[in-house]
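> Okay, here's what each chain looks like letter by letter:
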Amino acid sequence: MNLNLQWTWFHRLGSPRWFYQKTQRWLPWLSLVMSVLLVTGLVWGLAFAPPDAKQGNSFRIIYVHVPASVVALAGYYIMAIAGAVGLIWRIKLAYMLMRSAAPIGAALTFIALVTGAIWGKPTWGAYWEWDARITSMLILLFLYLGVMALRHTYSSNEAADKASAILGLVGMVNVPIIYKSVDWWQTLHQPATIKFTGAPSMHPDMFMPLVVMILGFYLFYTVSLILFARAEILRREYRASWVKQLVTDNSAEK
Amino acid sequence: MYNFLSGGFTAYLYRDLLLSIRNKSDLVKPLIFFLLVAALVPLAIAPEAERLAELAPGIIWILAVLATLLSVEHLFSDDLNDGCLEQMLISPNMLILPILGKITAHWLVIGLPLTLLSPVIGLWFSLPSVALIPMILSLAIGTAVLSLIGAVGAALTLPRQGGVLLALLVMPLYMPVLIFGSATIQSAVDGLDWTAPLAMLAAFLAIAIALCPLAINAGLRLAKNG
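So the sequence lines, in the order shown, correspond to chains F and P. So the number in this note's numbering is just where the residue sits in the first sequence, counting from 1, plus 10. So the number in this note's numbering is just where the residue sits in the second sequence, counting from 1, plus 1108.
No lab work stands behind these hints, which were simulated from the structure alone. Among the clues, some could well be false.
[To be verified] Below are the SDA-like pairs computed for lysine to any residue, each with C-alpha atoms no more than 25 Å apart in a straight line:
(1) F:190 / P:1319
(2) F:190 / F:245
(3) P:1332 / F:165
(4) F:32 / F:190
(5) F:102 / P:1322
(6) F:190 / P:1279
(7) P:1332 / F:138
(8) F:190 / P:1163
(9) P:1132 / P:1228
(10) F:190 / P:1245
(11) F:190 / P:1322
(12) F:190 / P:1166
(13) P:1332 / P:1195
(14) F:190 / P:1332
(15) F:190 / P:1313
[What the hints assert, rightly or not] Below, a sample of chain F positions facing chain P; criterion: calculated Cβ distance under 8 Å:
(16) 153
(17) 169
(18) 173
(19) 177
(20) 180
(21) 187
(22) 234
This one's a predicted model, so the numbers in the text were calculated from it and none came from an experiment. Note that beta-carbon positions come from the ideal geometry of N, C-alpha and C, so glycine has one too.
Could you build all of it, start to finish, from the sequences and the hints given here?
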């Protein structure tokens, strides 16, 4: 009995209506913190951080590239865990979050690849290098695209959700293996490894704006996830009475 | 208990082998594809022994991946079309053993012949003879992993029956096998210790045998309803 009581918060959390109404209140605050962090990080990183000793000003793309890559990778786990929660506890909201996470993650991975290529031209002299991290990001992009494409295989939302969740879990087991394999492959094939300023060896003046930008990107991810999920909730729950109420209230206000 | 242990492994292994033997064209197609594309490589690149030998480990593995991918699509779709899959899914048990039986049959029909044919390609590409045994071993283990992972993709894409989507789902997951498979051959060519990458392949096989049937089981049950 006691156990049941403790878990009610979990199931209330799973109610799309509860999520929709709560996030309505959270969104302005989250967006505010996000904008402050992103603006501070960008201005600090682009204008005030000292130029790199070897790369000059071209290194400043790090303030977009690294946060995008970090969040893109974390996003895969967020997506897979949301899918697992959906499979285990049969929570609709978790599936909606999983579905929303896929395009955001794919977009961030794409941004990471493009900024990496732009950064690579002045630094390495080529847009593309078969560097371990670049290759892993490319594979990650394919994994995201697979999850997005699998959805269209199924005619019912429910089956599509479960299939994507299973694929997400398979991917979750594989992502570390793929990363390690690619790392190993890279050391095998390229004796002259390319090293650029890693985060720990960075000067604090350069590193602090990066931390701010990473936090900003995480918030950006959260805000986009909430916005995507809200749209998804409305799309799927359009028959529910509270959604109808919401629509009539909105049109009455106008 | 008896039912769970034998659990249809031998029954499905026997049935799928019998089906493949009676339908020989499906059996031969991936092998012909394997040899045909291998014959294109010297035409497209250069018929020089050194250059081909340099590319051989990678090309042999890419061909093995493509040939498996071509054939894995039909692993469950034929059963879905003729209604056999329904019969299999009626069972209240987890379908781990029937699935493993089907995949073992697939490996015996595709992976093993590819492995046995690979020395021919090794000769075409003038692969040094020291690399022949590592190549055969890596292909034997690696194609089994490819069959298992491919079956996950085939089960999940069953309502649309594979195609490009199957390749999109499965290819990223094939990368580690591809890396360590060609590394085994390359290490042998370079005179290095080739047992380490081979052991990694065997480890992948162990993980895949344990985990893939679970995902396939879930995927097949979805496909019936979706």
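> Is residue 1332 of chain P within 25 Å of residue 165 of chain F, Cα to Cα?
holds, 12 Å
> Does residue 169 of chain F pass the interface hint, meaning its C-beta sits closer than 8 Å to a C-beta of chain P?
holds, 3 Å
> So if I understand the rule, the pair passes when the alpha-carbon distance is 25 Å or less; does residue 190 of chain F with residue 245 of chain F pass?
violated, 40 Å
> Residue 190 of chain F and residue 1163 of chain P: Cα distance at most 25 Å?
Given pair residue 190 of chain F, residue 1163 of chain P holds - Cα atoms ~24 Å apart, limit 25 Å.
> Restraint: residue 177 of chain F near chain P, CB-CB cut 8 Å. Satisfied or not?
Result: holds, 6 Å to nearest chain P Cβ.
> Is the Cα-Cα distance between residue 190 of chain F and residue 1322 of chain P 25 Å or less?
holds, 24 Å
> Does the alpha-carbon distance linking residue 1132 of chain P and residue 1228 of chain P stay inside the 25 Å limit?
Answer holds: residue 1132 of chain P to residue 1228 of chain P is near 21 Å, not above 25 Å.
> Min Cβ distance, residue 234 of chain F to chain P: is it shorter than 8 Å?
Constraint on residue 234 of chain F not satisfied, violated at 24 Å.
> Against the 25 Å threshold, does the CA-CA distance of residue 190 of chain F and residue 1279 of chain P hold or violate the hint?
holds, 17 Å
> For the hint on residue 180 of chain F, does the least C-beta distance to chain P fall short of 8 Å?
With a minimum Cβ separation of about 5 Å from chain P (threshold 8 Å), the hint on residue 180 of chain F holds.
> When you check the alpha-carbon spacing of residue 190 of chain F and residue 1245 of chain P, does it fall within 25 Å?
holds, 22 Å
> Holds or violated: residue 32 of chain F and residue 190 of chain F, Cα atoms, limit 25 Å.
Violated, at roughly 40 Å.
Hint compliance for this structure: hints 2, 4, 7, 14 and 22 are broken, all remaining hints hold.
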